[in-house]
Structures are given as structure tokens and as C-alpha cells.
Amino acid sequence: MWTLVQTPPLPSPPCGVQNPYSSYRRRRISIAFGHSTGNSKSIKSIPRCNYNDSIQSFCKKGQLKEALQLLSQEPNPTQHTYELLILSCSEKHSFYDALTVHRKLIDDGFEQDSFLATKLINMFSNFDSIDHARQVFDKIYNRTIFIWNAFFRALTLAGHGVEVLDLYRHMNAIGIIPSDRFTYTYVLKACVVASIPKHKEIHAHIFRHGYHTHIHIMTTLIDVYARFGSVQNATCVFSQMPQKNMVSWSAMIACYAKNGKPLEAFDVFRDMMTHVLLPNSVTMVSVVQACAALGALEQGKLLHGYIIRNGLDSILPVLSALVTMYARCGALELGRRVFDQMGKRDVVAWNSMISSYGIHGFGAKAIETFREMIRHGVSPSPISFVSVLGACSHAGLVEEGKQLFDSMWKEHKIYPSVEHYACMVDLLGRANQLEEAAIIIQDMRIEPGPKVWGSLLGSCRIHCNVELAERASRRLFELEPTNAGNYVLLADIYAEAKMWDEVKQVRKLLEAKGLRKVSGCSMIEVKRKIYSLQSVDEINIQIEQIHALLLKLSMEMKQNGMYVPDTRIVLYDLEEEEKERILLGHSEKLAVAFGLINSSKGDPIRISKNLRLCEDCHSFTKLISKYTNREILVRDINRFHHFSNGVCSCGDYW
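In my numbering, each residue carries its 1-based index in the sequence shown increased by 19.
Wrong hints could be hidden among the right ones.
What the hints assert, rightly or not - Derived DSS-like pairs: lysine-lysine, alpha-carbon spacing no greater than 30 angstroms straight-line:
1. K645 with K571
2. K320 with K280
3. K432 with K517
4. K263 with K217
5. K536 with K277
6. K598 with K546
7. K363 with K384
8. K532 with K277
9. K546 with K517
10. K645 with K217
11. K84 with K158
12. K280 with K219
13. K384 with K470
14. K79 with K123
15. K277 with K320
16. K280 with K470
17. K432 with K470
18. K470 with K277
19. K432 with K111
Stated by the list, open to error - Between beta-carbon pairs, the in silico distance windows are:
20. R122 with P401: 34 to 40 angstroms
21. K111 with M463: 38 to 44 angstroms
22. N299 with Q524: 50 to 56 angstroms
23. K111 with D622: 55 to 61 angstroms
Calculated directly from the structure, the hints in this document are not laboratory data.
It should be emphasised that the depicted structure is a prediction, and the values quoted were computed from it without experimental measurement.
Just so it is clear, CB atoms sit at the ideal spot from N, CA and C, and this is done for glycine as well.
From just these sequences and the hints, can you work out the full model?
Below you can see the structure in the form of C-alpha cells.
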């Protein structure tokens with residue numbers, strides 16, 4: 020006869036309710052062979068107290084310590100008890116207690132519980148402990164799609180995008196677990212984190228498995244295409260979506276705003292408003308950024324009014340975007356007013372103010388604001404140093420920039436990145452300390468990359484240093500073989516040095532690679548409308564009037580001895596008269612003339628340009644500001660130029 024032997028006695032919950040046992044729990048009942056003793060009491064359970072309800076109650080009340088004290092006395096914690104303990108550890112940000120719960124969970128036989136494994140991975144991800152999350156994932160045998168998704172999410176947040184893509188490939192090779200909408204979302208984001216353009220392949224998977232109509236996945240796909248600069252693909256996805264929500268519209272607006280298409284961003288915004296969708300704070304940040312890119316001050320003021328009327332003026336990202344927008348539209352004082360009225364300022368808000376001073380050439384004010392931020396107890400971020408070092412570069416504050424760069428690690432424990440080294444090279448290069456800039460690159464502990472070499476090449480363009488320019492361009496041609504701008508810069512340097520054979524060689528190289536120089540484009544806002552003018556512009560109905568005005572002004576200023584065209588920047592070996600004609604066709608001059616024709620007398624002319632301001636346009640605009648008695652503000656790719664009475668705010672240092 021078989022006899023059940025109880026060692027030790029099984030605990031039974033109060034009121035005779037049976038405690039549920041997971042299939043993964045260790046068994047406390049042994050089965051032995053033998054004869055019955057006839058003692059019926061040997062199979063009865065001795066009543067013991069059940070603390071599960073109390074532990075769960077403590078967790079819900081946020082009393083984690085009390086819950087853990089009871090946990091040590093509870094012989095049979097339930098799955099729900101452990102779920103609440105894990106959530107409580109995350110809410111209390113207690114990593115030590117999380118490890119305690121994890122150990123006890125394993126001891127109680129829940130190590131193979133798929134539901135709790137998912138919760139554990141999410142918890143360790145919140146603690147930035149990817150190693151513990153990986154440990155949970157590696158030890159679980161029955162990996163549900165929820166476990167895969169939780170681990171994909173944890174890896175993506177930790178910056179391990181390559182591992183996500185490898186695991187995704189492995190998961191598909193196994194062929195057991197079908198992906199769901201969360202899987203595709205995390206894997207798409209992993210492409211961005213890893214900077215590996217596998218998003219088109221993932222897009223194909225999504226389409227094959229019927230998720231191409233899922234609004235959440237398609238919105239994520241728009242964002243990923245945008246981050247890789249594939250605006251056309253993002254537009255295609257957006258246009259084919261059967262349904263769109265506020266997040267979808269916001270993603271498309273952000274796509275255009277962040278990829279140099281601010282006009283298109285405004286078009287989508289207007290289209291969204293016709294669908295009676297009220298924009299949220301995320302949408303408004305993107306639209307304000309588009310407005311900043313255009314330099315459209317009047318449009319920006321309208322948006323600011325909308326933000327106030329709809330109660331979005333207490334949201335920090337929106338306010339920071341407004342600070343930047345006003346500064347980039349030339350109204351620095353309005354940006355400062357928004358900044359001063361902020362009840363609370365995070366590091367992003369401070370960075371916005373620092374960079375605003377920087378692009379206007381107020382380096383000392385940028386440094387003062389940086390130090391004020393630290394006095395207010397806000398720790399600088401890596402972007403803070405990019406902003407303040409850039410401000411030093413524009414203002415020629417070399418020694419101050421060196422001190423700030425040295426303080427990054429010494430005082431703030433921030434390792435300089437490529438962006439910071441690029442700022443230092445730019446700072447030294449603009450100040451004609453090119454040899455020291457080259458030494459910095461040589462001593463870098465990380466790969467310089469195109470940003471650093473590009474800064475050096477740009478500085479060589481300013482000071483016509485052919486030797487260093489050739490060295491920098493060789494590396495850039497290897498790193499960015501399809502970037503036409505690098506070839507054009509080198510050709511500019513050769514042209515200034517009158518090395519015409521070398522200019523021809525670079526031009527032939529451009530043609531052989533099928534590359535074209537980016538055309539100059541200037542934006543101008545007149546009477547709340549935004550106009551775009553390009554170097555070769557035959558579309559504008561006023562183009563003949565514009566050319567006639569420019570020719571008239573040019574002739575008059577030359578006759579008065581005010582203007583001498585700087586034909587050195589024309590890369591073609593042509594007659595001087597033809598070179599002058601080419602110079603008059605530059606987009607910034609077209610925009611200035613357009614503003615003079617269409618704006619009211621006395622109104623400032625505000626222009627934004629997609630390229631660096633050339634020397635001739637700079638001197639021409641200075642003279643126009645005096646000759647016509649107009650205030651002209653031009654923002655090029657690097658900084659702001661405030662022209663008034665024949666003087667520029669940059670002090671001819673740009």
C-alpha cells in the first residue's frame with residue numbers, strides 16, 4: 020500500500036482556502052512506498068498564517084520595507100504577490116530590494132514563470148541593469164513573445180541596438196514565436212539606436228505579416244525613416260495610412276521639420292488643423308522648430324499666441340522651443356523674455372538660452388548664462404558644452420573655450436565627444452591657430468570623424484591654408500565620399516590661392532562621382548507669408564524686378580566707391596564682368612531685394628540661408644543696410660548677422 024508522508028506539514032491558508040501552486044514551484048510532498056500505520060492524522064495539514072494579502076496590501080500602499088519583512092515569513096508567496104513586489108521595487112527605485120526579491124523568487128521556484136520573467140526584465144531595465152535583465156532572459160526556457168519584447172525594449176533603451184537586431188533574426192530563424200506590434204516597434208527603434216539602416220527590411224516583414232495598417236507601427240516607421248533622412252519614404256507611409264491619429268500627424272510634421280523641409284512641415288500642420296485635430300505639446304514643438312528654421316517671426320508669434328490660449332505655455336519642451344525660435348528669428352530679446360518667465364527651467368531650457376546667445380555672437384553672455392545655470396544647481400549636459408563652446412567659437416573667445424573644454428572632465432565628469440572636439444577645432448581654426456587645431460585632432464583618443472575634419476577644412480577655407488586643407492579633405496573624401504560640400508570647400512580654397520588647375524581637377528572629380536553642389540536657398544517672411552528664393556530662380560514672378568533693383572543698387576554703390584565685388588569666390592576662370600553677374604544672382608541678395616520691394620519702409624528684413632554667407636554677400640548687405648537705411652537680419656548655417664548702418668554684429672568674424 021502507498022502512504023503519503025508529509026515532511027514538513029503542508030501549510031493551509033485561513034478559512035480552508037487552498038493556496039494555488041505554480042507548475043514551476045518546488046514540491047514539498049514526498050511520495051514513499053510502505054505500509055499504512057493507520058494514523059489518519061499523518062496526512063492532515065497544520066494551519067499556518069497566510070501573509071500574501073498583507074504583503075500585497077503593503078505594496079499597494081508603497082510600504083515596501085514592511086512587505087519585505089512579511090515576505091521572509093511567508094512560505095508560499097503567490098505569483099501576484101511577486102508581481103506587486105517587483106512593481107513596488109521599481110516605484111521605490113530600490114535596486115538592493117529588487118535583488119532581494121529576485122533571489123527569494125528563485126528560491127520559491129518561480130524562476131521559470133514567464134509572466135514574472137517579463138516583469139523582472141522590465142524592472143531591471145528601469146534600473147539600467149541590462150546584465151541582470153539578460154540573466155533573466157538567458158535562464159528562462161519558455162520564452163513567450165512578451166519576454167522577447169521586454170528584452171528587446173531593455174536592450175534598445177540601453178543602447179544595444181545591434182544585439183536586438185541579432186536576436187530578432189534568431190527569433191525569426193526559430194520560427195516558433197510570431198512577432199506582434201510591440202516587437203516591430205522595438206526592433207525599428209533598435210535600427211536607430213544601432214545606426215544600422217535595416218528599417219526597410221523590417222518594413223517588408225511588417226507588410227508580409229499584415230501589420231501595415233496598424234497605426235502605432237506605421238507611426239514608428241515614419242519616425243525611423245525620418246531619423247535616417249528618408250523623407251520620401253516617410254511621406255509614402257504617411258499618405259497610405261488608412262487612419263491617422265495625433266501622434267501620426269506629429270511624427271510627419273517632425274519628419275519635415277528635422278530634415279530641412281520647414282515649409283512642408285507647415286503644410287502638414289495646416290492640413291492637420293483642417294481635420295479638426297487639436298495639436299498637443301509634441302506637435303507644437305515640431306511646428307515651432309519649423310518656424311525657427313524659416314526665420315518666420317510673425318508666424319512664430321501667432322504660434323505663441325495659440326500655445327498660450329490652449330494652456331501649453333507651462334510645458335517645458337514647448338517653452339524651450341519658443342526660446343530657440345525667437346532667437347533664430349532674430350528676436351533674441353523675446354526669447355529671453357520667455358526664458359525669464361519660466362517658472363521652472365531644466366537643462367534643455369538653459370541650453371536653449373546659451374545657444375541663442377551663441378548664434379548671435381554674444382559669447383560672454385553665453386558663458387555667463389552657462390555659469391548661472393550651474394549656480395542654480397542644474398548640471399550641464401554634453402549639449403550644454405556644445406552650445407557654450409560654439410558660442411566661444413563665434414565670438415573668438417579662445418582662452419575661455421579652452422578652460423571650459425578642460426572643465427568637462429575635471430569638474431563635471433563628462434567625456435568630450437566628437438562634437439566637443441569639433442567645436443574646439445572650429446574655435447582654434449577660426450582664430451587662425453590651425454596648427455594647434457591639427458595637434459588636437461592628432462591627440463584625440465577617439466576617431467575624429469567627418470565633423471572634426473569638416474571643422475578643420477572650414478577653418479582652412481577662412482584662412483586659405485592649402486596644406487592642411489588637402490590633409491583634411493583626403494580624410495573627408497574617405498569618410499564622406501558623396502558629400503559634395505567637402506569638394507566645393509576644397510575648390511574654394513584652391514580658387515582663392517589661384518590654383519586653377521587644382522580647381523579644375525576637383526570639379527572633374529565632382530562630375531565623375533555624379534555629385535552636385537547644394538544650391539543656395541534663402542527664406543524671407545513678408546507680411547506673414549514665407550517666400551523661398553534660390554540662386555537660379557526663374558519661378559518668382561518678380562524675378563526681373565529683383566534683378567533690375569540689384570543691378571541698380573550695385574551700379575550706384577560702385578560709382579560712389581562703396582562697393583567692390585569680391586570675385587575671388589567665383590570658381591570659374593571667367594571675365595570679371597561675368598563673375599559679377601554670377602555674384603548678383605546669389606540667393607541672399609535676391610532675398611534682400613525681394614524684401615526691399617515688398618516690405619514697408621522701416622520694417623526689418625529677416626532672411627535665413629541654408630549655406631554659409633559668402634564674403635561678397637556679407638559686404639554687399641552691410642552696404643545695403645547703410646545705403647537704404649534698413650535693418651537686415653540674416654541667419655546663415657552657422658550664426659546670425661545683424662546688419663545696421665553699414666556694420667555687422669559679427670564684427671566680420673564668422
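Status of the hints after comparison with the structure:
1. Restraint check: the Cα-Cα separation between K645 and K571 comes to about 16 angstroms, which is no more than 30 angstroms; the hinted pair holds.
2. Our distance criterion of 30 angstroms between C-alpha atoms is met by K320 and K280, whose separation comes to about 20 angstroms.
3. Between K432 and K517, the direct Cα distance comes to roughly 47 angstroms. Violation of the 30 angstroms bound is thereby established for this hinted pair.
4. A hinted pair counts as satisfied when its Cα atoms are at most 30 angstroms apart, and K263 with K217 qualifies at roughly 25 angstroms.
5. Using a Cα cut-off of 30 angstroms, the hinted pair K536 and K277 holds, with the two alpha carbons roughly 21 angstroms apart.
6. Between K598 and K546 the alpha-carbon distance is near 34 angstroms, which puts this suggested pair outside the 30 angstroms criterion.
7. For the given pair, K363 sits about 21 angstroms from K384 by alpha-carbon distance, which is consistent with the 30 angstroms threshold.
8. With a C-alpha separation of about 27 angstroms, the suggested pairing of K532 with K277 holds against the 30 angstroms cut-off.
9. For the given pair, K546 sits about 44 angstroms from K517 by alpha-carbon distance, which is inconsistent with the 30 angstroms threshold.
10. Among the hinted pairs, K645 with K217 is inconsistent with the structure: their alpha-carbon atoms are about 55 angstroms apart, more than 30 angstroms.
11. Distance hint between K84 and K158 is fulfilled; the C-alpha atoms sit about 28 angstroms from each other, no more than 30 angstroms.
12. The suggested pairing of K280 with K219 holds, with an alpha-carbon distance near 22 angstroms, which does not exceed 30 angstroms.
13. Taken as a hint, the K384 and K470 pair is honoured in the structure, with Cα atoms around 26 angstroms apart against an allowance of 30 angstroms.
14. Our distance criterion of 30 angstroms between C-alpha atoms is met by K79 and K123, whose separation comes to about 20 angstroms.
15. Restraint check for K277 and K320: satisfied, since their Cα atoms lie roughly 21 angstroms apart, inside the 30 angstroms limit.
16. In summary, the hint linking K280 to K470 is supported, as the alpha carbons are separated by about 22 angstroms, within the 30 angstroms threshold.
17. The hinted pair formed by K432 and K470 meets the criterion: a straight-line CA distance of about 23 angstroms does not exceed 30 angstroms.
18. Distance hint between K470 and K277 is fulfilled; the C-alpha atoms sit about 19 angstroms from each other, no more than 30 angstroms.
19. Distance check on the hinted pair: K432 and K111 sit about 27 angstroms apart at the alpha-carbon level, within 30 angstroms; holds.
20. The hinted window of 34 to 40 angstroms between R122 and P401 holds, with their beta carbons roughly 37 angstroms apart.
21. Take K111 and M463: their Cβ atoms lie about 42 angstroms apart, and the range 38 to 44 angstroms holds.
22. At roughly 53 angstroms, the beta carbons of N299 and Q524 sit within the given window of 50 to 56 angstroms.
23. Distance hint check: the CB atoms of K111 and D622 are about 59 angstroms apart, consistent with the given range 55 to 61 angstroms.
Checked against the numbered hints above, the structure violates hints 3, 6, 9, 10; every other hint is satisfied.
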